[in-house]
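Each residue of the sequence shown is one higher than the last, beginning at 1 in the numbering used here.
It is worth saying that the hints were derived from the structure and are not from the lab.
Here the structure is a predicted model, which is why all the values come from computation and not from measurement.
Some hints could be false.
Unchecked claim - Calculated lysine-lysine pairs in the BS3-like style (CA-CA distance at most 25 Å, straight line):
id, residue 1, residue 2
1, LYS190, LYS156
2, LYS173, LYS156
3, LYS111, LYS139
4, LYS298, LYS284
5, LYS111, LYS162
6, LYS173, LYS162
7, LYS156, LYS134
8, LYS139, LYS156
9, LYS140, LYS207
10, LYS156, LYS107
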Amino acid sequence: MIQHWLGKFLRLPVVVRIFLLASFIIIIFGYIIHLIEPNNFPTVFDGIWWAVVTTATIGYGDYVPETVAGRITGIILMVVGIAIVSSYFVSLATVAVTMQAAYIEGKLFFKGNQHMIIIGWNERSKELIASMYKKNQSKKVVLIDETLEAMPTEYKNVHFIKGRANLDDILLKANIQQAQCVVITADQNKNELYADMNTIITLLAIKGTHPTIRCIAEILTSEQVDNARRAGADEIIQSNVLTSSLILNSLESHSTMVSILNVIRDSDNHHLLTCEPVDGIVGKQFYEACNLFFKKNKMLVGIKRGEKTHVNPPGDFVIQHDDLAVVITE
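Between the sequences and the hints, there should be enough to build the whole structure, so can you do that?
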């Protein structure tokens with residue numbers, strides 16, 4: 001029986017063990033001093049109070065042992081009790097420092113919910129985190145990366161986890177079960193095909209852990225787009241295709257692309273977004289919908305129907321129930 005309880009005690013954290021030991025010693029010495037000098041310490045609580053202030057502050061002087069036995073008890077308590085209490089506070093400080101180091105090094109579990117998980121640290125994820133913080137400082141972000149040695153950013157809403165995102169234990173450490181969405185950025189330091197393969201494996205791990213979570217994946221090669229979709233990507237960003245298209249348009253339209261990019265980047269004043277058509281627009285023609293959006297200080301630029309987006313369709317283009325309106329709003 002004693003060995004059983006001793007085994008349980010030894011399995012407790014060091015801070016808890018020292019706290020329990022200090023509490024036990026204080027209670028024992030409080031009871032002993034009450035037995036030795038019942039006149040000076042009328043109750044056991046008075047004895048415990050004396051033991052607490054003796055170990056913590058060397059006493060206030062409100063209770064003082066007067067007999068030799070009482071003073072010897074006080075000396076023993078000072079030697080033993082102060083050492084244990086000091087060890088307790090040292091252990092607390094050590095735990096605090098260890099926890100802080102573990103947090104910076106990405107070893108702690110994330111316990112929040114409705115957060116965004118961003119996989120990979122690069123200029124794109126860095127810009128994404130900065131933009132999100134600018135819009136909503138309370139939005140929690142979990143950053144997963146295996147190359148970093150410590151937290152790369154000082155934003156208070158970011159929790160860093162070091163490791164490979166295609167491992168279940170890392171995803172569980174990021175609390176993926178309660179996450180809102182996942183953004184996978186491609187590692188452009190690797191071969192493009194290898195980077196896409198890594199993204200697809202990560203998608204499989206994510207969907208295997210949380211099948212319904214929304215995943216946005218960056219794919220570098222056109223050949224792997226279908227595989228990424230099969231792996232469960234809800235949105236696929238072909239960054240190389242987008243970049244080449246922007247360069248081509250810049251060559252053909254000169255400074256026009258600067259204005260377009262400013263509209264996209266100026267997140268403080270404009271938002272390029274997709275929303276469901278409001279009541280009264282379904283069944284109407286595109287030019288009628290444009291007028292209705294214009295009255296709400298919004299610009300309708302296209303209609304998303306299934307996987308295809310119709311940018312500036314003909315005026316007689318009829319909006320259907322399942323369509324989504326692509327608008328620029330201020």
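We went through each hint and held it up to the structure:
1. LYS190 / LYS156: Not OK: LYS190 and LYS156 at ~30 Å, beyond 25 Å, violated.
2. LYS173 / LYS156: Given that 25 Å is the threshold and the Cα spacing comes to 18 Å, the pair holds.
3. LYS111 / LYS139: holds (14 Å)
4. LYS298 / LYS284: Distance ~17 Å between LYS298 and LYS284 Cα, so the pair holds.
5. LYS111 / LYS162: holds (16 Å)
6. LYS173 / LYS162: holds (10 Å)
7. LYS156 / LYS134: With Cα atoms ~12 Å apart, LYS156 and LYS134 stay inside 25 Å; holds.
8. LYS139 / LYS156: holds (10 Å)
9. LYS140 / LYS207: Given pair LYS140, LYS207 holds - Cα atoms ~21 Å apart, limit 25 Å.
10. LYS156 / LYS107: holds (17 Å)
In summary, the one numbered hint that this structure violates is 1.
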